[in-house]
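Protein chains: 2
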Amino acid sequence: MKLREIGEDRLLAQLLPALSRNNSVVLGAGDDCAVVRGPKRGHLQLLKTDCIVEGIHFAPATDPASVGWKAMARPLSDFAAMSGLPQFALVTMVVPAVKTLTWIKAVYRGLERAARAFDVVIVGGETSAIRGPAVISVSLTGSVEGDRWVGRSGGKANDELFVTGRLGGSLPDRHLKFTPRIEESRWLTKHFSIHAMMDLSDGLGADLPRLAKASGVGFELDEAVLPLNPGCTTKQAISDGEDYELLFAISARDSVNLQRKWRRRFPKLPLTPIGRLASSFDTRHSKLTPGYVHFQKR
Amino acid sequence: MKLREIGEDRLLAQLLPALSRNNSVVLGAGDDCAVVRGPKRGHLQLLKTDCIVEGIHFAPATDPASVGWKAMARPLSDFAAMSGLPQFALVTMVVPAVKTLTWIKAVYRGLERAARAFDVVIVGGETSAIRGPAVISVSLTGSVEGDRWVGRSGGKANDELFVTGRLGGSLPDRHLKFTPRIEESRWLTKHFSIHAMMDLSDGLGADLPRLAKASGVGFELDEAVLPLNPGCTTKQAISDGEDYELLFAISARDSVNLQRKWRRRFPKLPLTPIGRLASSFDTRHSKLTPGYVHFQKR
Chain A
108 MKLREIGEDR
118 LLAQLLPALS
128 RNNSVVLGAG
138 DDCAVVRGPK
148 RGHLQLLKTD
158 CIVEGIHFAP
168 ATDPASVGWK
178 AMARPLSDFA
188 AMSGLPQFAL
198 VTMVVPAVKT
208 LTWIKAVYRG
218 LERAARAFDV
228 VIVGGETSAI
238 RGPAVISVSL
248 TGSVEGDRWV
258 GRSGGKANDE
268 LFVTGRLGGS
278 LPDRHLKFTP
288 RIEESRWLTK
298 HFSIHAMMDL
308 SDGLGADLPR
318 LAKASGVGFE
328 LDEAVLPLNP
338 GCTTKQAISD
348 GEDYELLFAI
358 SARDSVNLQR
368 KWRRRFPKLP
378 LTPIGRLASS
388 FDTRHSKLTP
398 GYVHFQKR
Chain B
108 MKLREIGEDR
118 LLAQLLPALS
128 RNNSVVLGAG
138 DDCAVVRGPK
148 RGHLQLLKTD
158 CIVEGIHFAP
168 ATDPASVGWK
178 AMARPLSDFA
188 AMSGLPQFAL
198 VTMVVPAVKT
208 LTWIKAVYRG
218 LERAARAFDV
228 VIVGGETSAI
238 RGPAVISVSL
248 TGSVEGDRWV
258 GRSGGKANDE
268 LFVTGRLGGS
278 LPDRHLKFTP
288 RIEESRWLTK
298 HFSIHAMMDL
308 SDGLGADLPR
318 LAKASGVGFE
328 LDEAVLPLNP
338 GCTTKQAISD
348 GEDYELLFAI
358 SARDSVNLQR
368 KWRRRFPKLP
378 LTPIGRLASS
388 FDTRHSKLTP
398 GYVHFQKR
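Protein chains in written order, with the working numbering: chain A, 108 to 405; chain B, 108 to 405.
Source of the hints: derived by calculation from the structure; they are not laboratory data.
This structure is a prediction, so every number in the text was calculated from the model and none was measured.
Every clue listed holds true.
Pairs of lysine-lysine, DSSO-like flavour, derived with a Cα cap of 30 Å: (1) A:147 to B:297; (2) A:147 to B:147; (3) B:212 to A:320; (4) B:320 to A:212; (5) B:320 to B:297.
Part of the chain A face toward chain B, derived, beta carbon under 10 Å: (6) 127; (7) 134; (8) 212; (9) 236.
Estimated spans, in silico, between C-beta atoms of each pair: (10) A:252 to B:144: 14 to 24 Å; (11) B:337 to A:205: 36 to 46 Å; (12) B:216 to A:223: 35 to 45 Å; (13) A:223 to B:337: 44 to 54 Å; (14) B:290 to A:127: 18 to 28 Å.
Positions of the beta carbon are idealized from the N, C-alpha and C atoms, including for glycine.
Let the hints inform the model, and build the full structure from the sequences given.
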């Protein structure tokens with residue numbers, strides 16, 4: 108079977124159960140970050156790796172500083188999804204020999220700018236050659252309070268679903284310049300009990316079913332109320348992907364209070380109730396246009 | 108300037124000084140692992156990322172389980188270089204859509220086998236597509252006692268230089284099946300004061316000058332005594348690379364005792380004194396055949 112016939116979720120589902128675990132691992136592969144026990148009481152360690160590939164996540168002609176920003180911002184967005192505080196980054200650059208030093212330095216400038224913006228220190232840098240497209244891989248370590256980390260699996264039937272910001276139309280530009288929602292996520296878990304959360308990287312249509320599935324529930328999506336980026340259709344908001352906004356589930360009884368406090372704290376960033384989790388597993392599931400799925404034919 | 112005209116050391120030398128640092132960083136990019144302060148008193152955290160690329164570090168037809176072993180064993184070897192204990196791994200696989208699920212699963216089997224052999228848990232797995240060769244990136248976190256970590260920069264003039272095992276001829280097979288010297292390294296720092304250490308990935312001819320330069324000293328190499336793999340020439344032992352043996356510097360007064368104790372503890376693995384660090388920076392430097400240098404023309 109070829110990869111393009113599988114899709115990333117099914118691929119990982121085949122690979123991950125074979126991995127060994129031990130008592131230090133709170134949450135292994137399959138969520139936004141791995142969660143492991145660290146030596147500091149009351150705190151957990153978060154680990155995340157992510158990569159971007161030329162020709163897939165950016166074009167050869169893309170501004171290299173934006174490439175660097177995106178490479179760092181993507182795993183930062185996964186930290187936001189868990190309400191974690193990132194601390195250290197390791198960077199691997201795999202670059203064809205035809206790239207210029209100027210290009211690489213500009214990528215590093217973008218990496219470093221994104222790192223500094225979130226108090227992250229790049230502590231390791233590796234390079235390798237490749238006879239093919241450039242690949243930039245970033246690994247992050249950091250921490251989260253044991254009572255504040257949020258995974259995908261804690262959603263409950265009747266929870267209200269929210270998204271931050273606006274969705275759709277991340278190409279040509281927004282996917283390179285987004286802001287990881289770490290500040291917003293930290294505020295959320297400081298003031299509210301967030302049941303489940305993730306960042307929207309593959310599009311609501313692919314990511315919402317993942318959150319619901321991890322929580323063992325179904326969902327209902329009010330497509331008519333989705334917060335759209337200017338010029339976007341609802342279909343784009345569901346399918347385009349690379350929004351890097353937060354999707355989260357919270358008890359319906361917190362909904363009004365949350366929206367009121369949010370408007371005061373983040374007046375410029377919309378927070379939109381887009382539906383709810385439902386008791387039956389596959390309610391409305393099939394109505395969703397699928398979002399971006401790695402490897403699969405569109 | 109194109110990358111192939113630069114070489115990895117000069118490239119990193121251009122990139123790394125621009126990176127920010129803070130008080131948590133004991134040792135940033137440029138050594139085998141990054142060393143950062145963790146929350147556990149007396150212990151430091153080690154971070155390392157490394158990747159292997161199809162067509163550079165392995166061939167398309169290479170046994171995929173061996174590819175996985177190598178991808179995990181390389182950063183483990185960097186932990187050995189610092190005398191660290193690895194704990195968690197993150198794996199990123201960037202694979203062209205034509206690869207089969209069978210191939211990926213076999214790579215994962217190799218990754219997992221190497222991880223288990225050194226008590227490492229794979230806690231995160233990412234995949235991405237690429238229109239080009241496969242790339243497998245592994246990041247490791249772990250720890251080391253604050254009084255036992257070893258970098259490259261502590262070597263002193265007149266220190267004796269040792270290598271473990273035998274050198275040269277790592278192609279076609281040995282570069283896929285080597286054993287990271289973590290056990291040996293942990294034993295070394297438990298019983299001796301090791302001044303400087305690194306693993307030999309690019310060949311003694313490239314790596315020994317790096318260790319000497321980091322320590323601010325020169326070196327003398329007794330080429331005639333190099334421990335050669337069967338069928339290898341001295342030139343190969345210096346230039347082939349991918350030996351993944353330890354190179355370290357220790358006070359000459361510990362030399363006899365070290366060799367005696369080593370033979371008792373590791374009777375099957377040679378430990379060979381191959382020269383010494385010297386006071387002047389570039390003594391004998393120029394006599395070395397260069398080892399493998401990424402990006403550079405040979």
